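Peer 1: Input sequences plus hints: build the corresponding full structure.
Top line first, the protein sequences correspond to chains R and Y. So that you can map any letter, position 428 of the first sequence is 428 in full-length UniProt numbering, and since no number is skipped, the others follow by simple counting. So that you can map any letter, position 128 of the second sequence is 128 in full-length UniProt numbering, and since no number is skipped, the others follow by simple counting.
Treat the hints as calculated values from the structure; they're not laboratory data. No experiment lies behind these values; they were computed from the predicted model shown. Any given hint might turn out to be false.
In the DSBU-like style, the derived pairs of lysine-lysine whose C-alpha atoms are separated by at most 35 Å in a straight line are [what the hints assert, rightly or not]:
hint: 1; chain 1: Y; residue 1: Lys183; chain 2: R; residue 2: Lys111
hint: 2; chain 1: Y; residue 1: Lys207; chain 2: R; residue 2: Lys302
hint: 3; chain 1: R; residue 1: Lys408; chain 2: Y; residue 2: Lys117
hint: 4; chain 1: Y; residue 1: Lys97; chain 2: R; residue 2: Lys429
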Amino acid sequence: MTPNKLLTRVFLAFTLASSLLLFHNSQAQEAAQQDTTVTEGSNDEQPAAQGADSGLPTDADRISEGQSLFNANCKTCHKVKEKLVGPALQGVYDRAPSIDWIVDFVHNSSKVIASGDDYANNLYQEYNQTQMTAFPTLSKDQIINILGYIKQEAEKAPEVVAPTEGAGTAVQGAGDGVPTEYLNAIMIGLVIVLVLILVVLILITTVLRKYLNQQKDLDEEDREIVNASFRLDAALKSKPFLFLVVFITTAIVFKVVINNLYAVGVQQGYAPKQPIAFSHKLHAGENDIDCNYCHTGVRISKNANIPSPNICMNCHSMIKNVAGQSGVSPEIQKIYDAIENDRPIEWVRIHNLPDLAYFNHSQHVEVGGIECQTCHGEVQEMEVVRQHSLLTMGWCIDCHRKTDVNTKGNEYYDNLVELHEEQSNEALKVEDIGGLECSKCHY
Amino acid sequence: MNIYKHIKFASLFAVGAALTACGAGGENQGLEYAPNMYHSVAYEPLKQITDESAGNMAELLDSNGDNHGEYYNSNPLNPYRMTMRVPPANVVPRSDKGYLPYRIPKDSLDLAARTLKSPLPKTDDVLAGGKLLYDRYCDHCHGGSGQADGPVADKYPGVANLTGAAYQNISEGHIFHVITWGKGLMQPHGSQVKPEDRWKIARYVKKLQNQ
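Peer 2: Right under this line is the structure:
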């Protein structure tokens, strides 16, 4: 027994901001819940009293202009049917005092609020005194076009979600199912063909034997060969067979022993289960979030860093489940729990470089310009991260021998490159600037 | 003789079979040979061994009477025995360029937008650096062209179209303040992006808007 099965744990320190964040988020959530009910209610309470919407455009040109204006200017804070930063805009043409009032409010909301307008002030208070950005450049016509677009959107039946969801699962099913099914079919087909061939061969030999036995002009020797029966025990004891068996077994055992001896101390392929089922494939792959966004230390420090939950909350304050599912995902809930209880998330460390070797991320990534994937593999395609590289000394040295130093535009290397070119025809490699010195990594 | 030969074979097989357990994979970390120098004695960030019996065997060679295994590496004085220390109250980080933490509070966007000036020179280097940083920190929501067309913008509500009319005239100070503290549904990014980098991003966003 050697004491080597250790799980070394990664601990995250919380930034001081996390509690602040939490407070802010819970407030925003509450506000969101309250306000959706309020806006829904107000739609019913104020039925087209002003009749101001009669002037809204219905022709396609003006509505498409309104759509592009809405996407460019309003989408950030408003949705048609749901509350976002600002209220849901459906029915705004009915509930606001007048179209002119809307135009004034869009042009400069703080002026309308300051004028003592009741409706504007109520709105201002209802939304925690958040002021709407002023859009003085939008003309009255443009604003009316936007309203036309909103009205058209509001009257559309809510049917958008279902088909995309169905398509998503269909694609997923196809992606998983087809290749293995094909593979199975091919294998079964092959087996059937082989069995058929065997049967045919046996048939041929029996027919041949029968035919040869009927021949009268066969001499004794040939007749013996034709009627010789296959004796298993004799074949097993024959020298060539024994030699073959011994040779193959020894070769296999030898290979297994050597392979496994080389695997001692190498953790390539280690893929432990993490406390949160975080998928790099989803985050770095599908959503194309840069590695640097979460691993903030990678260019400035020895360690790449594991993000603290406040970085998770940059998105997960709003994104509470996998796309298309309602409620809070149990995995995302773990982030909220960690923040609420001020408790670190104990990620399991995967890359355990021995303490006797020094490695610095910023030196390789920022200075050397090496891609993350060079050592960590295609992390953006990994559901569960595993150790991609050997992380042995031979692996390090190999790369230091092969990699050119990026000397372009770096005065520091000018003299070195000159001296190197006097002695060698090859480009300046990492080994030429001390990449193989023992004390670079071991001290 | 024959039996002896069989035993030799069997033992070879046994060695082979025993060795297959050495390779790592899945939950298995694999076998380490004499890992006496593998585990740091000093506290390391992002690493902690809470098992007090870890390295008992190595302890036999080098007994120092500390009553736990040689590899045990946790700080009992910190919360959750973390090796990383939470900074004392009221200390502030200071960057190598001398930037002190940003002190304008979140609700004073107007003040920041009016008074803050970028300390960076108007050079192409700053702009190129800004593009790199924008692609790292902003791209997945705001999109490469700033039109809120990044892949995350489909899932996250309220991503600002930086080229929209409302943002055309904002100052670099405004952008700096918003990156630091967030605005609307955007969360604060001050803990991730260094002040100097925020100014670079602000410069690049202004360039995106003027295209």
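Peer 1: For every hint, state whether the structure bears it out.
Peer 2: Status of the hints after comparison with the structure:
Restraint check for Y:Lys183 and R:Lys111: the C-alpha separation of about 22 Å stays at or below 35 Å, so the hint holds. Proposed proximity of Y:Lys207 and R:Lys302 is supported: the alpha carbons are some 33 Å apart, at most 35 Å. Distance hint between R:Lys408 and Y:Lys117 is fulfilled; the C-alpha atoms sit about 33 Å from each other, no more than 35 Å. With a CA separation close to 32 Å, the supplied pair Y:Lys97 and R:Lys429 stays within the 35 Å bound.
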